[in-house]
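Okay, here's what each chain looks like letter by letter:
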Amino acid sequence: MRLLRLVPDDTHIGFMRLRRITLPLSATLSVLSIVLFFVVGLNFGIDFRGGSLIEIQTKDGPANISELRQTVGGLGLGDVQIQEFGAPDEVLIRVVQQEGGELAQQAVISKIREALGDTVDYRRVEIVGPTVSAELARTGTIAVLASILAILIYIWFRFEWQYAIGAVIATVHDVIMTIGVFAVLQLDFNLSSIAAILTIVGYSLNDTVVVYDRIRENVRRYRKMPMTDLLDLSVNQTLSRTIMTSLTTLLALIALYVFGGEVIRSFVFAMIWGVLVGTFSSIYVASPILLYLGAKPESGSGSKAAVAAEGT
Amino acid sequence: MLHFARWTVILIIAICAAGILATIPNFVSKQEVESWPSWIPHRQLVLGLDLQGGSHILMAVDTDAVIKERVDTLRDDARQILRDKRIGYTGLAAHDRSVSVRIRDVAQTDEAVKALRDLSQPIGSILTGSTARDVTIQSTPEGQITLDLSEEAITQRVSSAVDQSIEIVRRRIDELGTTEPSIQRQGADRILVQVPGLDDPARLKALIGQTAKLTFRFVDLSMPATEALNGRPPPESELLYSQDDPPAPYLIEKRVMVSGEDLVDAQPGFDQRTNEPIVSFRFNSSGARRFAAATQQNVGRPFAIVLDNEVISAPVIREPILGGSGQISGDFTVEEANDLAILLRAGALPAPLTILEERTVGPGLGADSVEAGKIAAVIGTIAVVIFMIAVYGLFGVFANIALFINIALVIGILSVLGATLTLPGIAGIVLTVGMAVDANVLIYERIREEQKAGKSAIASIDSGYRRALSTIMDANITTLIAAVILFYLGSGPIRGFAITLAIGIVTTLFTAYLVNRLIVAEWVRLRRPSAVPI
Chain A
0 MRLLRLVPDD THIGFMRLRR ITLPLSATLS VLSIVLFFVV GLNFGIDFRG GSLIEIQTKD
60 GPANISELRQ TVGGLGLGDV QIQEFGAPDE VLIRVVQQEG GELAQQAVIS KIREALGDTV
120 DYRRVEIVGP TVSAELARTG TIAVLASILA ILIYIWFRFE WQYAIGAVIA TVHDVIMTIG
180 VFAVLQLDFN LSSIAAILTI VGYSLNDTVV VYDRIRENVR RYRKMPMTDL LDLSVNQTLS
240 RTIMTSLTTL LALIALYVFG GEVIRSFVFA MIWGVLVGTF SSIYVASPIL LYLGAKPESG
300 SGSKAAVAAE GT
Chain B
0 MLHFARWTVI LIIAICAAGI LATIPNFVSK QEVESWPSWI PHRQLVLGLD LQGGSHILMA
60 VDTDAVIKER VDTLRDDARQ ILRDKRIGYT GLAAHDRSVS VRIRDVAQTD EAVKALRDLS
120 QPIGSILTGS TARDVTIQST PEGQITLDLS EEAITQRVSS AVDQSIEIVR RRIDELGTTE
180 PSIQRQGADR ILVQVPGLDD PARLKALIGQ TAKLTFRFVD LSMPATEALN GRPPPESELL
240 YSQDDPPAPY LIEKRVMVSG EDLVDAQPGF DQRTNEPIVS FRFNSSGARR FAAATQQNVG
300 RPFAIVLDNE VISAPVIREP ILGGSGQISG DFTVEEANDL AILLRAGALP APLTILEERT
360 VGPGLGADSV EAGKIAAVIG TIAVVIFMIA VYGLFGVFAN IALFINIALV IGILSVLGAT
420 LTLPGIAGIV LTVGMAVDAN VLIYERIREE QKAGKSAIAS IDSGYRRALS TIMDANITTL
480 IAAVILFYLG SGPIRGFAIT LAIGIVTTLF TAYLVNRLIV AEWVRLRRPS AVPI
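Chains A and B, in that order, are what the protein sequence lines are.
Heads up: the first sequence at position 103 corresponds to 102 in numbering that gives the first Met the number 0, and the numbers run straight through without jumps.
Heads up: the second sequence at position 253 corresponds to 252 in numbering that gives the first Met the number 0, and the numbers run straight through without jumps.
Hints were generated in silico from the structure; no laboratory data involved.
Glycine residues also receive a C-beta, built at the ideal position from the N, C-alpha and C atoms.
One thing to keep in mind: the hints can contain errors.
Chain A residues, not near chain B, derived (Cβ > 12 Å throughout) [said to hold, decoys possible]:
1. I20
2. A26
3. L52
4. T118
5. R123
6. L144
7. I164
8. L186
9. I253
In silico DSS-like pairs for lysine-lysine, Cα to Cα no more than 27 Å straight-line [as the list claims (entries may be wrong)]:
10. A/K58 - B/K451
11. B/K454 - A/K223
12. B/K113 - B/K67
13. B/K253 - B/K67
14. B/K84 - B/K113
15. A/K223 - A/K295
16. B/K451 - A/K223
17. B/K212 - B/K67
18. B/K84 - B/K253
Modelling step: build the complete structure from the supplied sequences, incorporating the hints.
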């Protein structure tokens with residue numbers, strides 16, 4: 000049987016030559032993402048902003064969105080978002096947090112139930128009060144920062160400081176780019192988005208570490224090779240694996256995106272994006288950044304990392 | 000690397016077998032599992048509320064109300080003591096966390112402080128030997144006395160109010176007859192209620208959100224309620240409203256004749272004459288005695304049945320009620336009468352509960368999500384399986400066998416742990432499928448490289464596994480770190496995702512590095528290949 004070869008056996012792609020284009024590109028996009036985050040902002044879901052979310056399914060035929068908009072909009076609940084969610088008879092209603100503390104949020108649901116009556120099925124009702132939403136926003140941020148810190152320490156311990164910094168820059172790059180996509184597309188940013196970002200952190204690091212592992216190995220083996228060539232060699236050597244893994248993960252994620260249902264679609268979308276960005280960053284951000292951090296072939300000798308590598 | 004000691008082989012196969020065995024109960028119905036012999040694992044995955052439908056309600060005990068109640072009692076007790084001791088005072092008032100009073104005759108200040116000292120109770124158990132007291136008393140030479148509630152006293156009050164509330168909420172929910180409700184304490188002042196399979200949480204919320212403090216009190220006839228509304232009600236009475244629409248005002252004595260704590264039973268029923276739904280109740284002996292005495296002396300006077308500061312009804316006492324039982328009527332529907340009986344039987348909450356967060360998923364959506372998740376998992380797996388065989392041929396088959404064992408282990412471990420499978424959890428499994436092949440890919444690519452560098456088949460395989468190990472470890476540990484942090488900082492569905500991801504990483508290391516290597520080693524032993532076909 001002839002096997003499928005995604006990447007030719009011996010590639011000599013000059014990835015590092017492209018760094019004068021890719022690094023500024025990454026930097027620009029990152030800055031743009033940050034600007035978008037502050038100017039446009041994220042479409043924070045009720046998890047972080049408080050408020051209510053109701054998913055309904057109409058009992059007879061497709062939902063009449065404009066009629067619903069009129070009915071629910073006329074209840075005096077402030078900003079109400081109504082959108083089709085999956086099938087045409089499924090509608091998502093989002094109501095902003097009400098003035099007047101925890102009790103006021105509860106009243107929203109009874110008002111909507113009163114207005115819509117028995118014409119619809121209530122498939123999902125979520126109410127998050129101001130106390131909890133503030134807490135969720137705080138713990139979510141802490142979770143992302145804590146995991147990046149923990150990973151930084153791990154890589155510092157296993158490799159050298161240049162690698163730790165490089166990996167963290169690449170990871171932060173991916174997180175920022177993901178936030179940028181959330182801002183551009185105004186995807187609902189909720190608790191599962193945080194989970195998606197943390198998974199991206201893990202995945203991106205995974206990818207970066209594989210490339211770094213090879214760089215470290217080559218640093219030990221080819222002491223005289225210029226760093227640029229060495230990085231190119233390492234990325235080329237791991238390219239086949241990088242593509243394979245990204246593709247299989249993407250296959251699984253795309254299946255989840257297409258068939259997994261509306262509820263987790265934005266969560267899965269974020270992960271698909273993260274896999275793409277993570278793959279890009281491990282090649283074009285994590286590796287060239289080592290050049291600027293001054294990782295040199297010679298610096299590998301005698302160090303803790305080299306001794307560890309010798310042992311394997 | 001290609002040699003396995005006999006006991007390792009046995010251990011690896013045993014773990015795989017155990018994993019597959021633990022997965023099996025998930026593919027048959029619950030009833031069938033029950034009939035199996037005891038040596039087969041019985042545990043099935045517990046579906047999260049997002050998959051089976053149900054309500055998740057996070058509530059907080061109103062700590063301000065707990066403190067206010069304590070301060071008010073302190074003030075009333077202080078008044079009682081000063082009156083009993085015939086000490087003249089003025090300006091007795093309750094504040095946020097203290098009560099202040101001024102003694103008219105400064106000479107009596109010491110006597111007053113001494114008498115009020117009875118109000119101060121030691122807190123904490125005898126075991127801890129703490130000497131702290133719940134109330135500290137301070138006085139000034141001008142006769143000003145302040146009673147302060149200590150921080151510890153408040154913490155203890157709130158904590159016991161939460162415990163008490165959990166007990167009462169549990170009793171109320173048990174009456175609903177739903178299966179396996181979970182009621183947990185969260186943090187200092189919170190209660191998390193999770194009730195699976197509940198479509199409409201409105202009744203649940205009504206039932207747990209009500210304080211249900213029942214009192215029997217006399218109606219104050221010293222002035223009409225409308226007059227009290229415009230003027231000033233007497234200090235011993237207060238204005239309360241009926242449940243009618245529009246609400247009617249009643250002037251009700253603050254003094255409680257009998258309270259709900261003296262009830263031993265409450266049942267819904269029908270009035271024999273009017274056929275209206277009612278709630279009949281029975282007092283315990285001391286409640287019955289007090290009720291009998293009060294009604295004996297007050298025939299012809301109306302009394303009020305007050306629930307959570309609302310007058311349910313205000314019947315006139317026609318004859319003394321001596322038997323210790325009675326009934327409450329008040330324009331109830333059958334369900335209202337039923338719920339009121341539940342509330343009265345379960346007892347009153349020590350303080351109101353505020354709902355902070357509610358998430359309800361209807362059973363229909365849950366079932367749809369399970370279906371969608373299953374389809375996604377199957378299709379994702381098939382795609383990966385085909386892809387692996389296309390790229391690695393026979394070794395792809397080996398990797399797929401390891402992948403199936405991997406999925407079985409994840410589901411098996413989740414089942415044995417009794418973990419809850421949530422929708423993000425399914426995403427975690429699907430992601431594991433994608434990532435699981437990564438370890439194998441790393442190994443196979445290494446083998447390819449080694450072979451290209453001119454090594455023999457066996458040497459390539461051997462060093463392929465050896466050299467990929469540290470990369471695999473580094474790559475997976477970083478993901479594991481993210482998963483562990485996600486677990487500790489996340490809540491609900493996110494935890495479900497973190498658990499499956501973490502378990503998936505561990506099983507991936509096992510299957511890719513041991514199961515797959517064992518299969519390849521066996522293949523090498525049987526075929527003695529001259530080249531590796533990848």
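Structure-based check of each hint:
With a least CB separation of 28 Å from chain B, A/I20 remains clear of the 12 Å interface cut-off, as annotated. Listed as a non-interface residue, A/A26 keeps its Cβ farther than 12 Å from every Cβ of chain B; the least gap is roughly 24 Å. The beta carbon of A/L52 sits about 9 Å from the closest Cβ of chain B, which is not more than 12 Å, so the claim that it is off the interface is violated. For A/T118, the condition that its CB be more than 12 Å from all CB atoms of chain B holds, with the nearest at approximately 15 Å.
Distance check on A/R123: its Cβ comes as close as 5 Å (rounded) to a Cβ of chain B, failing to clear the 12 Å threshold; non-interface status is violated. At roughly 10 Å, the least C-beta separation between A/L144 and chain B is not larger than 12 Å, which violates its mark as non-interface. For A/I164, the non-interface assignment is confirmed: its Cβ lies about 15 Å from the closest Cβ of chain B, beyond the 12 Å cut-off. Under the 12 Å C-beta cut-off, the non-interface status given to A/L186 relative to chain B holds; the minimum distance is some 16 Å.
The Cβ of A/I253 does not lie farther than 12 Å from every Cβ of chain B; its closest approach is about 8 Å, which violates its non-interface assignment. Straight-line distance between C-alpha atoms of A/K58 and B/K451 comes to about 64 Å, which puts the hinted pair past the 27 Å bound. For the hint linking B/K454 to A/K223, the alpha-carbon distance of about 25 Å falls within 27 Å, and the restraint holds. For the proposed pair B/K113 and B/K67, the alpha carbon gap of about 24 Å is at most 27 Å, so the pair holds.
Distance check on the hinted pair: B/K253 and B/K67 sit about 17 Å apart at the alpha-carbon level, within 27 Å; holds. A C-alpha spacing of about 11 Å is found between B/K84 and B/K113, which places the hinted pair at or below 27 Å, so the restraint holds. At most 27 Å may separate the alpha-carbon atoms for a hinted pair to count; A/K223 and A/K295 meet this at roughly 10 Å. Between B/K451 and A/K223, the direct Cα distance comes to roughly 23 Å. Compliance with the 27 Å bound is thereby established for this hinted pair.
Among the hinted pairs, B/K212 with B/K67 is consistent with the structure: their alpha-carbon atoms are about 16 Å apart, no more than 27 Å. At most 27 Å may separate the alpha-carbon atoms for a hinted pair to count; B/K84 and B/K253 meet this at roughly 23 Å.
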